[in-house]
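Q: Below, each chain spelled out in residue letters.
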Amino acid sequence: MMSDKKKIGFYWCGACGGCQVSILDIDEMILDVVEQADIVFWPCAMDPKYEDVYEMDEDEIDLMFINGSIRLEENKEMAELLREKAKEIVAYGSCSVNGGLFGLGNLSDKKELLERGYSTKTTDEGSLPQKVTEVEEGDLKLPEMLHHIVPLEEIIDVDYLLPGCPPLPNQLEEALPALLDDDTEVGKHDLISSKSVCDVCPMEREEKKIEGLKPIQEVEFDPEECILDQGVLCMGPATAGMCDAPCTEVAHPCVGCNGPVKDVKDQGSRMASALASVIGVEGEEKMSEEEVQETMESIRDPTGSMYMFSLPSSIMQYRRGDIDE
Amino acid sequence: MDSDEFEPEIIAFLCNWCSYAGADLAGVSREQYPSNILNIRVMCSSRVSPEHVFESFQEGADGVLIAGCHPGDCHYIDGNYKTIRKTWLLKKMMDDMGIDPDRLRLEWVSSAEGGKFAKVMEEMTDEIKKMGPLELDGNDLSGEYDE
Ligand code: FES
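Just so you know, the protein sequences line up as chains A and B, in that order.
Under this note's numbering, the first residue of the first sequence carries the number 4, and numbering increases by one thereafter.
Under this note's numbering, the first residue of the second sequence carries the number 86, and numbering increases by one thereafter.
It is possible that some hints are incorrect.
Anything over 10 Å on all C-beta distances counts as not near chain A; from chain B, calculated [said to hold, decoys possible]:
#1 F91
#2 V113
#3 Y118
#4 I125
#5 C129
#6 R190
#7 G200
#8 K204
Residues from chain B shown here face chain A by an in silico Cβ test under 8 Å; the list is partial [to be verified]:
#9 E136
#10 Q143
#11 G157
#12 R170
#13 K171
#14 L174
#15 M178
#16 I184
#17 L221
#18 D225
#19 L226
No farther apart than 30 Å at their CA atoms in a straight line, the calculated lysine-lysine pairs in the BS3-like style are these [stated by the list, open to error]:
#20 B:K176 <-> A:K113
#21 B:K204 <-> B:K215
#22 B:K177 <-> A:K265
No lab work stands behind these hints: they were computed from the structure.
We treat Cβ as the ideally placed atom computed from N, Cα and C, and that holds for glycine.
Okay, chain B solo, but in the shape it has when bound:
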């Protein structure tokens, strides 16, 4: 592999009850998935606030994944429905702020889906690689502009 190739950094917020367990299973069953991902365990996918996602991008993430229990399976009953709505809003906000909304992905991974977890990670890493790095500090304050 070409060592100059862009290696994206991806933050994955995984809900404790399903997706984190799914990631665990992927590990135990020796599934291979790219090492570009930094997993962060949260109690429920709905715990992830837009602040966390924007902060991740601001701190250098090229992509963010939010993963939770399948709809209907959230351990806090309707947490993941809130996540669906929040993610929709968040993508709108990202679009307005000039970040490609596809850099944020929402997935459902149950504790039995180690294989799916690995697959999602692989797909997402590939996609973000194609998009290239997220560059956020392009504009200085003075912003030279000639008519």
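So here's chain A without its partners, still in its complex pose:
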């Protein structure tokens, strides 16, 4: 008897594993899920081989969640293969939607990353990973690293984007039933909030002018007050707020993990504009241009902080040209 249950799958590309754990984070709701759907492919929990995927029929999987960044040739190949085997693809988690934390590697190039990772002072000199290693039993091959990380969307057609690092249970509780139900229309960008983290943050933002940014440990911190108002970098204004601000609620600055708000492409640019407006000093009319600029120097590593989770999906995507020492 053919069951009319949906078939779903989860696959990870270049990832930390948090997205896989987040699926279990929905607690007993997983029982509702398995009532409606069979999990037919899940390398993290089962033990499928590449061949098993190649042997699948076209469109065999109804709903395929792909998380992690596209870092290696292998990630790209698997994504392309799964596109053929699945009816609908969900880019799951910030790495797959926006490139994620690993996307910061795009500020370096492949050469620099490999050399830094495998032969700097802290590691033994001289052994970059070999693509092919000959052993008695035959040749062992390592997948090639790509020049830069791209969002999944750039490799294959994606049907839904569900960012988050990782997506939280409340996001899944909303998304899963809608995605599994044929009668509910879900648009590609509908799972991204058009509200920012500031919009859902319990702290009241007074939009105070601040004189510059400070590391949180140098501030007499008031957990009841808006973090940005206190002069600590908080990505709230430029970050999509599906998470309901659990970090700022416990007085941890938003790091921007959800990526930009719905229909915004460049999270870092939005944050730069926000920072340029909130930073300001009394009597700046009498200051020289250089002195006004100095008010900005308190921002440490602006590019890295503002694009921490979304560089590969930003306008520039990755660093151009050669990197000189």
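Go by the hints and put chain B with the ligand onto chain A.
A: Frame of chain A, contents of chain B with the ligand only:
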């Protein structure tokens, strides 16, 4: 003039109240300035977001100019102070992304400075010519690299 010479494309964001009027004056007073510039009128220099600048480079601009009212003269009081800060950040970001920050220039041009407008345009065109074209699509995804 050698017709093979590199002709840069420069996008100029001009604030409505001062710099655009300055550009107008340059035109009315028949000041000569290079034709490499595409003027875009914005209400205030602070309206220009880093997105506009990156998008300009991505779409083929070799240089971007942001011009506004002199500090203190912005019609929205402190708009151009925001522009100073934003431009500083933007240059940092450009540097990290491998674009020479000198390809972005911030200038103050009042509505009476038609001459200054023409001069800035000329200088900037010369500078960008010296830098050569901005090439953004040098790296493909696979990025061959041999140890
Ligand atoms: S109106 Fe001209 S810079 Fe603001």
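Q: The structure should be examined with respect to each hint, and the outcome stated for every one.
A: Hint check:
no.	hint	verdict
1	F91	holds (18 Å)
2	V113	holds (29 Å)
3	Y118	holds (24 Å)
4	I125	holds (17 Å)
5	C129	holds (12 Å)
6	R190	holds (13 Å)
7	G200	holds (21 Å)
8	K204	holds (19 Å)
9	E136	holds (4 Å)
10	Q143	holds (6 Å)
11	G157	holds (5 Å)
12	R170	holds (4 Å)
13	K171	holds (4 Å)
14	L174	holds (5 Å)
15	M178	holds (5 Å)
16	I184	holds (7 Å)
17	L221	holds (6 Å)
18	D225	holds (7 Å)
19	L226	holds (5 Å)
20	B:K176 <-> A:K113	holds (24 Å)
21	B:K204 <-> B:K215	holds (17 Å)
22	B:K177 <-> A:K265	holds (26 Å)
The structure shown violates none of the earlier numbered hints.
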